[in-house]
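Visitor: Read off the chains here:
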Amino acid sequence: MSRLFDFAGGVGMGYSQPDTLMPKESVSLPASLIRKELPRWPRLSEPEMVRHYTWLSRRNFGIDTGFYPLGSCTMKHNPRVNEVIAQIPGIAQIHPHQPEHHLQGLLSIFHEMQHMLEICSGMDQVTLQPVAGAQGEFTAVRCVQEYFRKRGEDQRTKVIVPDSAHGTNPASAAMAGFEIVEIPSLEDGRIDIDALRAVVDDTVALMMVTNPNTLGLFENDISQASEIIHSVGGQMYYDGANFNAILGRTSPGLMGFDAVHFNLHKTFSQPHGGGGPGSGPIGVKSHLAEFLPGPIVKKRPIASGHENFAVDDMWYGWYQPANSIGKVQQWHGNSGAVIRCWAYYRRYGYGLKDMSEHAVLNANYLRHALHREAQKAGVTDMFVDGATTKVAKHEFTLSLLPAKEKYGISAMDVAKGLLDKGYMAPTVYFPLVVPECMMFEPTETESRDTLDKFAKEFIEVLQQDAEILHEAPITTPVRRVDEVYAARNLCLRHPFDE
Amino acid sequence: MSRLFDFAGGVGMGYSQPDTLMPKESVSLPASLIRKELPRWPRLSEPEMVRHYTWLSRRNFGIDTGFYPLGSCTMKHNPRVNEVIAQIPGIAQIHPHQPEHHLQGLLSIFHEMQHMLEICSGMDQVTLQPVAGAQGEFTAVRCVQEYFRKRGEDQRTKVIVPDSAHGTNPASAAMAGFEIVEIPSLEDGRIDIDALRAVVDDTVALMMVTNPNTLGLFENDISQASEIIHSVGGQMYYDGANFNAILGRTSPGLMGFDAVHFNLHKTFSQPHGGGGPGSGPIGVKSHLAEFLPGPIVKKRPIASGHENFAVDDMWYGWYQPANSIGKVQQWHGNSGAVIRCWAYYRRYGYGLKDMSEHAVLNANYLRHALHREAQKAGVTDMFVDGATTKVAKHEFTLSLLPAKEKYGISAMDVAKGLLDKGYMAPTVYFPLVVPECMMFEPTETESRDTLDKFAKEFIEVLQQDAEILHEAPITTPVRRVDEVYAARNLCLRHPFDE
Amino acid sequence: MVDQLPNRGLELEMLQEMGMSSIDDLFDDIPVGVRMNEPLPLPPPQSEEEIIADARRLLGANLAMSEVVSFLGAGLYRNYVPASVFQLITRGEFLTSYTPYQPEVSQGMLQAMWEFQTLISELVGLPISNLSLYDGSTAAAEALTCAVRVHNRKAEQKDTVYVSELTPPDKISVMKNYCQGAGITIKFIKHNSDGSIDLSSAQQAAGSCGVYVEQPNPLGLLDGGYPQLKEIIGDKTALIVGIQPISLGLVEAPGHYGADIVVGEGQPLGSPITAGGPIYGIFACSKTYLRLMPGRIAGKSIDVDGQEAYCLTLSTREQHIRRHRATSNICTNETLIALMGAMHMSLLGPEGLNHLALRNITACNLAKQKLSEINTIALPHLQGTHFNEFIVELPSSAADCLDYLDGIGIIGGFDASRWYPERKNWLLVTVTDQTSAKEIELLAAHIAAWSVGVSA
Amino acid sequence: MVDQLPNRGLELEMLQEMGMSSIDDLFDDIPVGVRMNEPLPLPPPQSEEEIIADARRLLGANLAMSEVVSFLGAGLYRNYVPASVFQLITRGEFLTSYTPYQPEVSQGMLQAMWEFQTLISELVGLPISNLSLYDGSTAAAEALTCAVRVHNRKAEQKDTVYVSELTPPDKISVMKNYCQGAGITIKFIKHNSDGSIDLSSAQQAAGSCGVYVEQPNPLGLLDGGYPQLKEIIGDKTALIVGIQPISLGLVEAPGHYGADIVVGEGQPLGSPITAGGPIYGIFACSKTYLRLMPGRIAGKSIDVDGQEAYCLTLSTREQHIRRHRATSNICTNETLIALMGAMHMSLLGPEGLNHLALRNITACNLAKQKLSEINTIALPHLQGTHFNEFIVELPSSAADCLDYLDGIGIIGGFDASRWYPERKNWLLVTVTDQTSAKEIELLAAHIAAWSVGVSA
Ligand SMILES: Cc1ncc(COP(=O)(O)O)c(C=O)c1O
Ligand SMILES: Cc1ncc(COP(=O)(O)O)c(C=O)c1O
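Residue numbers (this note's numbering), protein chains in the order written: chain A, 51 to 548; chain B, 51 to 548; chain C, 37 to 492; chain D, 37 to 492.
Any given hint could be a false lead.
As the list claims (entries may be wrong) - Below, a list of computed lysine to aspartate or glutamate pairs in the EDC-like style, where the Cα atoms sit at most 20 Å apart: (1) A:471 - A:515; (2) B:403 - D:61; (3) C:406 - A:75; (4) C:474 - A:69; (5) A:440 - C:64; (6) C:474 - D:85; (7) D:460 - D:477; (8) B:335 - B:168; (9) D:212 - B:168; (10) A:506 - B:56; (11) B:335 - B:213; (12) B:86 - D:387; (13) B:440 - D:65; (14) D:272 - D:387.
Hints in this document: simulated from the structure, not taken from any laboratory.
Turn these sequences into a full structure, and let the hints steer you where they fit.
Guide: Here you go:
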């Protein structure tokens with residue numbers, strides 16, 4: 051073990067700094083404000099610090115270390131040139147309060163990204179401000195809320211969410227003050243149109259839908275759902291976490307949505323190690339555009355005298371929507387993430403369609419390969435598809451219920467068994483509609499060889515004795531971690547010598 | 051296993067390139083020159099390539115992953131800012147044939163480095179051209195050879211090398227065409243002055259000495275040795291691989307040497323992963339300076355019209371020594387390494403002395419701690435000092451002969467046992483004068499805690515049963531590798547389907 | 037090109053194995069009516085070389101603060117991130133992981149999170165820290181809603197929080213967006229003309245759910261009155277203090293003078309400004325708030341063998357479990373950037389932090405001294421203690437002055453009328469550890485020249 | 037500051053534990069007469085921030101080829117190294133390791149070395165490759181001494197090697213330094229006026245120990261006559277071919293037309309120019325030379341469990357075993373840079389290499405075409421096939437022309453009179469995959485303008 055708070059070290063600091071501009075003695079603070087004891091931080095020299103974090107990193111699994119089929123998370127390869135680009139001083143050392151003529155390059159990239167997302171989603175206006183998918187949801191919900199307020203439709207207090215929705219959907223709507231109406235999904239996670247019809251009336255502000263849904267199936271009744279909601283004057287919200295499945299094949303606009311968020315960090319590959327950072331732009335139809343948080347980038351002719359600052363034949367300027375909800379982050383969103391995602395987009399251009407096609411190809415192929423290997427090994431009694439369908443989209447689910455019932459092997463056991471094989475486990479126990487659910491999303495950046503090998507080893511895991519599998523993992527840095535112990539014996543910081 | 055030649059891949063290449071400037075069809079080569087079959091290189095997409103080399107890296111030990119006490123190799127921490135500096139276009143994208151006024155920054159840094167090394171070594175002129183220690187040796191030997199040729203002393207055909215010398219010393223001298231006279235060292239690796247006296251005469255061109263010697267002991271008779279060699283008209287060469295021990299405390303100049311090489315990559319921390327790159331500047335006394343390989347950097351007043359290019363109040367220009375031996379590398383040496391080492395030097399300045407002091411402090415402390423822990427554990431019958439001395443310099447040796455004789459535990463067994471504890475093994479079986487030798491060099495960048503922990507675990511290894519230790523290592527990516535098999539069944543490349 | 041798509045060229049083989057014959061087969065579940073039939077009207081794919089060339093051209097057209105003399109701060113600060121931090125954060129194991137749902141193979145990240153929590157907890161003087169919120173503004177906003185969740189039941193002023201009137205409007209806007217859904221009213225606390233808090237105004241906040249103030253405040257002042265605040269507002273009202281983390285190398289930790297929640301913008305510790313994101317929000321609190329606080333928390337636990345092990349804990353507060361009753365909707369957060377913060381803190385150590393704070397405050401003092409020598413301008417809060425920024429009152433508008441300086445290649449500061457519209461002539465001048473004495477001289481000389489011009 | 041010295045401040049404790057009381061005690065074995073008594077006359081230590089600022093200032097004063105239009109090559113070539121290569125090579129496990137003396141914990145590096153050997157072997161068409169030499173020049177020099185070691189006993193022309201007269205003098209200088217100790221005489225092979233090798237001159241090399249030629253040759257020409265060389269010089273004379281690795285994506289591998297040893301400068305594959313180092317030398321050969329060749333070799337083996345494992349092999353050739361009878365004195369080499377080469381090759385794949393070669397040759401053809409349209413200059417080898425550089429004969433000295441172009445901000449090429457003093461008016465113009473059509477237009481326009489001026 052390497053533990054940060056074990057480094058007591060020598061004197062001084064781990065990286066040397068220049069001197070102060072005036073003698074330290076010249077500083078006088080009001081007595082009440084002088085810090086009496088410095089934080090009990092450790093003292094590491096650079097060699098120790100490098101070794102500590104190298105050691106930690108080697109106890110962590112990433113896409114770079116192995117296949118990461120975590121469903122709903124789109125764990126695709128993060129191209130390295132994007133990291134190089136994000137270090138360019140023209141983004142890394144930019145202050146959001148600099149004047150427009152200092153930032154034409156940044157603003158033109160913002161404009162290009164807004165435009166690209168508008169095209170891909172069929173929306174009229176995009177803002178890049180929200181810094182994660184959930185914040186995008188909240189932002190869009192707020193816009194819809196102000197839209198109805200402006201129209202005087204204050205009775206619209208409800209947001210409809212299928213029970214298969216991601217937790218952020220209801221959480222975001224609730225944060226904005228809406229009442230959540232959860233409707234049950236069909237067995238395959240698809241919207242139950244009848245159930246929907248049963249709850250709609252003029253108190254509905256919004257329905258939030260993920261398409262393909264969290265089981266990886268395309269909602270083929272989506273136009274009908276849009277119609278139903280619109281018929282009572284409600285709005286349709288598209289949770290774009292699964293955008294990787296449909297780029298260039300369909301769009302939220304075509305399906306009748308009014309607002310959408312993008313998880314740029316997933317679809318466009320901003321690295322989000324350990325849980326973030328993300329970027330969650332939203333796009334809306336024109337009737338909602340005036341409510342978007344500002345600023346947004348618009349282009350206009352170049353004013354004379356400004357030619358020298360321009361990066362092309364237009365001027366890129368900040369623009370404040372007329373009835374803006376205000377801000378959801380203090381600055382301009384996660385600009386550094388937007389830049390990386392721009393670099394990612396440029397690599398594909400109109401080929402974003404190919405990207406989605408390969409994501410869907412890989413998901414279907416993996417599903418096929420898992421069944422094929424099960425057949426070969428004669429373990430067809432261990433799992434069934436999470437939903438019956440000819441094709442899935444970018445992800446799919448299996449139910450391990452048969453294994454559980456016949457052999458006492460749970461989805462969690464299998465997940466842990468996969469860790470021993472050197473894989474990240476698929477998402478487990480979500481969505482809840484599938485019992486003993488495992489949700490696989492291979493993404494387009496995995497090779498056929500990897501998918502075939504994974505399928506084989508998945509079946510090998512299933513063939514292990516239940517007792518052995520209960521013990522898994524055994525080859526990992528630690529063995530099964532006691533989460534109950536953690537919750538019962540809260541230890542949320544180093545105790546020092548308390 | 052991840053094997054490069056298993057990646058058959060799709061079509062095309064792992065990173066996309068711009069188009070050609072003219073159609074491919076426009077290219078016509080003489081038939082005899084057209085390549086018929088492209089190399090059977092693998093096809094990896096970027097995600098596969100990143101994962102392959104990440105996987106490989108995780109099967110490799112570096113200073114960043116653990117204590118690396120490899121004697122004679124000065125495995126100190128490589129500061130990361132140096133890597134950032136080496137990526138600046140003003141070094142990375144520089145062509146050595148650019149004119150002087152394009153390169154004033156580079157040349158001024160070269161000049162600063164020459165000057166600093168002259169000061170630290172007590173030599174009159176330094177060249178930065180040799181790219182490794184061995185090449186430095188060869189370069190200096192060549193200079194001495196031309197020196198004697200110019201003086202008409204062609205009878206000087208011999209180079210004296212103690213038997214404890216590093217292999218590059220005799221190899222370099224032999225490459226230059228000298229006859230090697232190996233003299234036996236004393237038990238502690240020190241020069242046997244009597245043996246030296248016995249072999250010197252006017253056929254001796256040069257004596258090569260490492261000080262502190264390869265056992266880590268300071269040659270206290272060094273002045274005498276210099277006198278003896280100089281008395282017969284020979285020259286003294288200082289192998290600077292152990293320079294980390296003496297900076298600011300003594301210098302080859304003070305000890306009477308005429309020429310010296312520096313292993314910049316060791317003392318000044320150029321990362322040399324897997325075995326290189328290095329940088330092996332040499333310094334010489336004025337009588338040898340005219341023979342140095344060119345170009346060298348000298349400064350002079352700035353010519354008028356050139357002020358704009360200058361980086362300070364002097365002009366830095368290339369200079370060709372009058373009777374130069376010519377070149378040992380086609381360009382200006384490993385400039386990128388010189389830049390990193392310059393950054394390293396700047397971090398210490400006159401504090402290079404502190405650096406050496408800490409290197410020596412750590413070596414002596416580790417030696418002390420090993421004996422202390424042996425005492426505590428009662429295993430004092432396993433090893434003895436490689437040489438009796440009150441103090442060592444930056445490294446020291448132990449002899450595991452007692453362990454071998456009593457318990458059948460060899461130095462190699464202990465080395466492999468240390469691998470299982472997460473350490474790189476010390477240098478083993480060198481120098482040959484110490485039976486069952488282990489040679490430890492902790493460097494100044496290791497903390498006391500690390501040294502204490504290592505000492506404890508070293509003793510734990512010694513306490514293992516011989517049979518168990520013969521099986522070590524068991525926790526490493528592979529177990530003991532069969533080097534004899536490798537030599538008998540030469541497999542030096544992927545066999546494809548031959 | 038294979039590039040990022042390893043199966044390029046293998047499509048047909050893969051399809052055929054599945055009994056399909058074209059990619060279209062994979063999409064025939066999309067109803068005809070919603071299909072996109074034209075190719076995306078976007079430009080062709082680019083190679084890595086072309087992308088990087090375009091990026092260099094476009095981003096190179098931006099004026100980076102590292103390339104000019106800049107006194108712009110106002111919430112985000114020029115800093116130095118040690119080279120080793122970048123080198124380590126880009127290690128694939130950190131960079132390309134995600135939420136550590138499988139703790140057994142995520143110990144590195146989980147331990148680093150837990151260590152971050154400890155570092156922040158020590159920094160601000162409170163026992164609990166999460167990991168991490170989006171930025172300083174959302175951290176402040178979440179602190180307000182958290183305070184209401186905790187205190188509303190017993191509060192005399194229900195659904196009400198008080199915020200320092202100096203708080204930048206963009207931050208207030210975020211707070212309003214976050215608070216409105218819960219029906220929370222935001223009221224304001226006044227400040228005296230010397231910039232210090234008006235303690236009698238603060239008195240009115242007693243019995244509300246929470247009070248938000250900043251230390252240093254947006255005028256750059258360290259307020260010696262804050263230590264009395266907790267007593268004034270009482271136990272049932274959360275004292276929320278927004279901090280600039282570097283200042284805590286010198287200035288008392290709010291946890292030590294009664295703060296219940298400490299929030300702040302983590303950026304100066306370990307992250308470049310990056311046009312305002314990704315950066316990370318600090319959120320720490322006392323035990324009272326633990327179960328109703330937002331965001332991720334890592335806990336120390338054991339594995340089945342009883343070995344030390346780490347995992348996420350208290351997830352029942354979070355949206356993926358509690359759904360619409362969650363304490364926050366946050367899911368993807370700023371862990372990687374917070375980890376850069378942890379690395380930077382590890383390298384600084386206590387003395388390094390102290391030195392860094394001293395570099396800021398001495399540079400600030402030097403700038404105050406130089407600017408106070410200019411007759412044509414005034415420093416309205418000259419007697420106050422500033423950490424690394426202060427207000428200069430100009431003889432004409434700050435906007436004009438900034439334009440003038442911009443023409444010379446100096447970013448002169450922040451036009452404070454963007455926050456306080458009536459203060460047209462207020463310039464907020466920021467100096468940090470990155471500011472040199474020469475740059476301060478330069479600013480003083482040019483402001484003097486300009487102000488003489490406009491005064492004449 | 038602790039910085040790089042973790043035991044700063046602990047000196048006394050450590051000394052006392054050893055029974056000493058001062059650092060001086062550790063150095064009292066240094067005789068008084070040789071002690072340095074004054075502090076080193078060097079400047080004070082600098083902080084990381086100061087070092088990087090100085091580095092930016094000084095290196096920023098250099099004119100980087102990436103920032104101008106450049107046609108300078110002559111042995112080192114502008115190239116693009118994919119971002120992932122830098123990211124991976126700086127992983128500490130690679131960067132901070134050393135010679136893999138303990139194979140059990142060095143499998144990553146050893147396997148990468150072995151894979152590099154295979155990649156090079158395939159590239160040049162020979163079964164053996166080492167890993168790696170210092171640069172192209174020392175690789176060529178070591179090839180000559182290796183050829184003598186192998187062939188001298190049976191050679192008719194003992195201790196003699198032949199080298200193409202076009203070989204750059206700096207490279208010849210290295211060869212001479214390496215050869216003189218072994219008493220080897222270097223003789224020269226002539227070239228025809230069209231730049232191609234004079235096969236009758238080559239005839240004279242038959243019976244010597246080895247012949248060294250370059251493909252493309254230093255004039256940039258691909259020589260269609262080389263495939264006849266092996267037959268001309270015979271089995272007992274080593275045919276050594278120096279290559280530009282990128283060209284082999286298009287041009288026949290020398291191993292396929294009889295080369296016994298192939299050497300070359302690896303730089304265009306994976307390494308920035310870096311003012312000429314660190315770069316890496318390619319050295320490959322047929323089985324005959326294996327046991328007398330220089331440098332490191334990794335072999336595939338097994339461990340005690342019979343598992344696939346890698347280790348260094350054939351070390352008995354090397355200096356640490358064979359000492360003065362070693363095949364070379366090389367110890368520290370260029371492994372890390374060679375590994376960058378391996379990474380680049382892995383990403384290129386065969387088609388990528390082919391495309392890269394095509395980018396070079398088409399750009400070269402375009403440049404030839406544009407320059408050949410200028411009446412005031414001549415292309416003496418216009419009829420020949422060039423890979424990525426060619427000679428332009430100017431109406432006045434190349435040095436003058438380069439000065440003129442430099443004034444406009446163009447690095448116009450290489451003054452070939454530095455190699456061939458009688459060719460004052462020869463300019464070697466290099467284009468690579470990094471050259472754009474616009475840059476070629478620019479060069480043509482300005483050379484035309486200049487040459488009209490001097491011709492007038
Ligand atoms: C379906 C779905 N919706 C919404 C989100 C929330 O996005 P974020 O994590 O970026 O806040 C996620 C991601 O976790 C998701 O998978
Ligand atoms: C004592 C000694 N001399 C010379 C050398 C040769 O230096 P290099 O490896 O840089 O060629 C070494 C390093 O390996 C050494 O340890």
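Visitor: For each hint, tell me whether it holds in the structure or not.
Guide: Okay, the hints, checked on the actual structure:
1. A:471 - A:515: Judged against 20 Å, a Cα distance of about 15 Å means the pair holds.
2. B:403 - D:61: holds, 15 Å
3. C:406 - A:75: holds, 19 Å
4. C:474 - A:69: This hinted pair holds, its Cα atoms lying about 14 Å apart.
5. A:440 - C:64: Holds. Residue 440 of chain A to residue 64 of chain C sits at ~10 Å (cutoff 20 Å).
6. C:474 - D:85: OK: residue 474 of chain C and residue 85 of chain D at ~16 Å, within 20 Å.
7. D:460 - D:477: violated, 24 Å
8. B:335 - B:168: It holds: about 9 Å lies between the C-alpha atoms, which stays within 20 Å.
9. D:212 - B:168: violated, 28 Å
10. A:506 - B:56: holds, 17 Å
11. B:335 - B:213: violated, 26 Å
12. B:86 - D:387: holds, 13 Å
13. B:440 - D:65: Within the cut-off at roughly 8 Å; holds.
14. D:272 - D:387: violated, 36 Å
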